[in-house]
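Protein chains in written order, with this note's numbering: chain A, 1 to 275; chain B, 1001 to 1760.
Please keep in mind that the hints were generated in silico from the structure rather than gathered at the bench.
Note that the coordinates shown come from a computational prediction; the quantities given were computed from them, not determined experimentally.
It cannot be assumed that every hint is accurate.
[As the list claims (entries may be wrong)] Below, a list of computed lysine to any residue pairs in the SDA-like style, where the Cα atoms sit at most 25 Å apart:
{"id": "1", "chain 1": "B", "residue 1": "Lys1175", "chain 2": "B", "residue 2": "Gly1666"}
{"id": "2", "chain 1": "B", "residue 1": "Lys1426", "chain 2": "A", "residue 2": "Pro123"}
{"id": "3", "chain 1": "B", "residue 1": "Lys1426", "chain 2": "A", "residue 2": "Ala7"}
Chain by chain, the residues:
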Amino acid sequence: MQAINGAFNFVFDILLLEFLGLPKFWGLAFLSILFGLVALLAFKKISNQKAIRAAKDRIWGHLMEIILYKDDVRVVATAQFKVMRYNLAYLGHNSIPMIALVIPFVFVVMNLDPRLRYSPIDPGQEAIVTATLRENVSFDGLDVALDAPDGVAVEAGPVRAADARTVDWRVRADDAGIYELSLRVNDATETKRLVVGESVKMLAPKREGGNPFLELANPGEPVLAGSSPFEKIAVNYARGQTIPVFGIDMHWVLVFLLVSLAFGFAIKGALGVEI
Amino acid sequence: MLRTTDPMCDVPQRRFALRVTIACFGLALALTGLAACGTSFQDDAPRLLVIGMDGLDHKLMEQWMNEGKLPNFARLRAAGGFRPLTTSIPPESPVAWSNMSRGMNPGGHGVKDFFKIDPKVLTNEEEDDDGNAISPADGLRDSVSLTEGELKEWTVGSYKIPSPFGAPVTTNDAKGITFWEVLEKRGIPATVNRMPANFPPVPTKQKTLTGMGTPELSGSTEAYALYTDNMPANRNSLGGGKAYRVRPRNGYVKATLFGPPQFRVGEEDEDDKDEDEAEESADSDDSDDADEDEDSHQPPSPPSECEFEVYYDTDSASAKIIVGEEIVVVNVGEWSRWVPVEFELFPMMVNVGGICRFIVQEIEPDFRLYVSSVNFDPKAPAAQISTPDDYAADLAERIGPYHTKGLPVEYKALKDGALRLGDFVKQMEWQRDEELAILYSELERFESGLLFCYLSHTDLPVHNLWSTQDPESPHYDPDKAAEFGDTIESIYRGADATLGRVLAWIERNPDVTLLVISDHGMAPFRRQINLNTWLYENGYLVLKGDSRELTPAEKKRLEGLGYLDPATGEGDEERSDSKLGKHVGILTRSVDWERTRAYGFGFAGIFLNLESRERDGIVADDEASALLEEIRQKLLAYEDPADGKRVFKYIYRADEVYSGNDEIVGEGPDLIVGAYRGYRVSDDSAQGNVPEGVLVDRDNPWSADHAMAHDEVPGILFSNKPIAAEAPALYDITSTILSYYGIENQEGMIGKSVLPPGTP
């Protein structure tokens, strides 16, 4: 699972144009356009294009019938019934490919969310690293340590809170970068990534232990093993899920949907796709 | 009529209509253009940078420049000029900076002290002519901000709902026009940061940020909170905050931060909080409130609350503080970053937010957590602290959150012992960093017009650190002297380093003219003068029964505070008599106004009890001058019993030193005392109280001051251009700024430019 996550992270790093160091919006817009294009082509492939076309034609035809024979109650009533019938048929032809497209959409959202829901720590700003320990770890004489690489200062802590089963540190890095923190409890060691900088990066606000789905839903870092004394390791990244779009702050999912839909509708004619 | 019936005549009518339409359109266009002209600023106006370093003392500057300790100031002196800057009378910051911002003396702008008193409520009566309850304390107000109108509320169940038709309005009551308003009229852009006595800010399109006078979130000058399991002995007499008892268990503390009053009806036993969470002490402010409420039989609304948790680790001497979703981790003795806090005033509908900082002072053997006053959050301030409204937030976006309280360092907490001197110095350091961040950030954007930045860290800390370098101070402590004795010098060296950075910027921007000013200097404050006690002992101020007899309400309050034994009616031996005197004065119905001829109020003021001004005045206008002269001569002759030296250098008559508006001059005070270095009116006397003893040693961290004779504490003026004026004064700075842009003095301004004609 870790290898799959790693591969997808690599691909998304490229698709979000992280290497260009652009503001969040442009990387997201590029990926949204790409998703719109791929989704459109996939829709064309897996949907019954002829049936959709036919359903739409029939709907239009019966609408015309309503206009032309508006004085004939019997014809209008029949036409209205048929419009409803072919509308249902139209929705039916669309629903299966749409449901199929939800799967890649959810996958994309799961990969984008850790990058866009949170912001990296600003250089020079403090970050709190919180380790939650499992029930079987005793806090009496608990030996804990956080080893930080060069460039990261451990300024305060550890604060061992037995009631909350947490240990906290305050760290700070003056320069942008991705730092690997090493946390030790008694003889067990785990790492946690600390991302400092301004550009979009895969962030993992927390590392948790758990099942493969959890690992898929948290693609930033590997899950913690069940035998680890650590239940969770978190960094308090600031929430930054809105993206400024021409002066208006919008949730990133809304930006993604609007851009991909707008692009899809704009080029569906050129690609000969019936929606 | 004919024309209207004639088809041909319709043509001129259409033409007329067309012309009217064109004219209206043209007029609208012109008005739009005029409106646009009113809001647009020149982008190439000559640049003038004014840095206000509050309290920098001429004598110390000269000494340390000559010793080579302030190389950048010395460089500026050599390149341009350096003069003592004549301060205001009295030399107090709100007065002095009002002189500077309006080009007037207090007779013009009306700011004569930190506070004002309404003489119309100084009375023995309990009710006014209309039968409304009246109390002398009602007449106390800030000297600048004026709140008019009463908050009208509808009571629904246990809640009070503010009426939209009865909100009080607070305005800036200083008279005259500020230099930035004048510049605005001429299209010269100005950015004015933290100008004292500008809260609320005067309406303007210029960028301004309020400074001294801006309250903390609940409206007072200081409201710290101390959480401890070992309550301080002085918990009942804390001056600037409150102490709460907490009971740490297994490295964990849960406590509550209290904010502005909720929109709720108060209950009689509201103060009887659960001691496990918050044992609240009474302080003087609260007791006043209690009295007012006692008068009106309305218990105060309960304060809003914000819960927080603390986990601490004795091994690593660090703690984690959780407030809502915010987490901070701090070492013991280290200030946290700003933490946003939110208080609910009305359930699910009205919240108010602010920012504060925490410092865990100790975790063993006692737990002590200090929380600073809650400042307005500059990103979303609960009151207007800038013009335009979003300027404060714009600054916060650039430099991060910063303090907004007008008197930033918490000197009352230092005096109370709630904040230790080392923590106080650290507080001063981060506040200095925030002030400098604003200065440097604005310098980067400074392209046209005027930039004024005010720095307070050169004044307030010096007031409170002076005794560490003054062995003659009654508050001198050799241990503190060893640790902090060079802090004032380091503050001056820091100011020099700031100037060095500014001068480096000016080297890259040589067209910029620089003025560095301070509003007054600083001098030791070793002996405090109880002016009202002197007036009392000399028969000018008469207490009820001609003694310090307390009214039943005062007795009840003092008993509550622990100053009086309820059984014997006598003072607690551990409390000094002066503590009793703190509660006897012009604001507490203790004065016999029908026999009082003069009273003191403020840090330098003596008022006559005039028939024509005070409610129960007894001094006729034609007797006033002789009485003023009599008091003046007696005070000038007054000697300190400790060494036989004269105490007062000048006793100014307001009608001699104030000018501009006779009505403002006549509001009082009628005499302003100007003491020699080492002496100042006591805090108690400034509040109108009558404590024991006319002269008392000043055993208080606040061991330096400037509310003395004006020529004992001149400010400083530096410029990178030659200074033409030989004896410049603060009000000359306004004229200098206006003259720099070719603008004449406005009505009421009395200064002259200190720079040579033709500058720039």
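Requested in this report: Report the numbers of all earlier hints that the structure fails to satisfy, in ascending order.
Outcome: Number 3 - this is the single hint that the structure violates.
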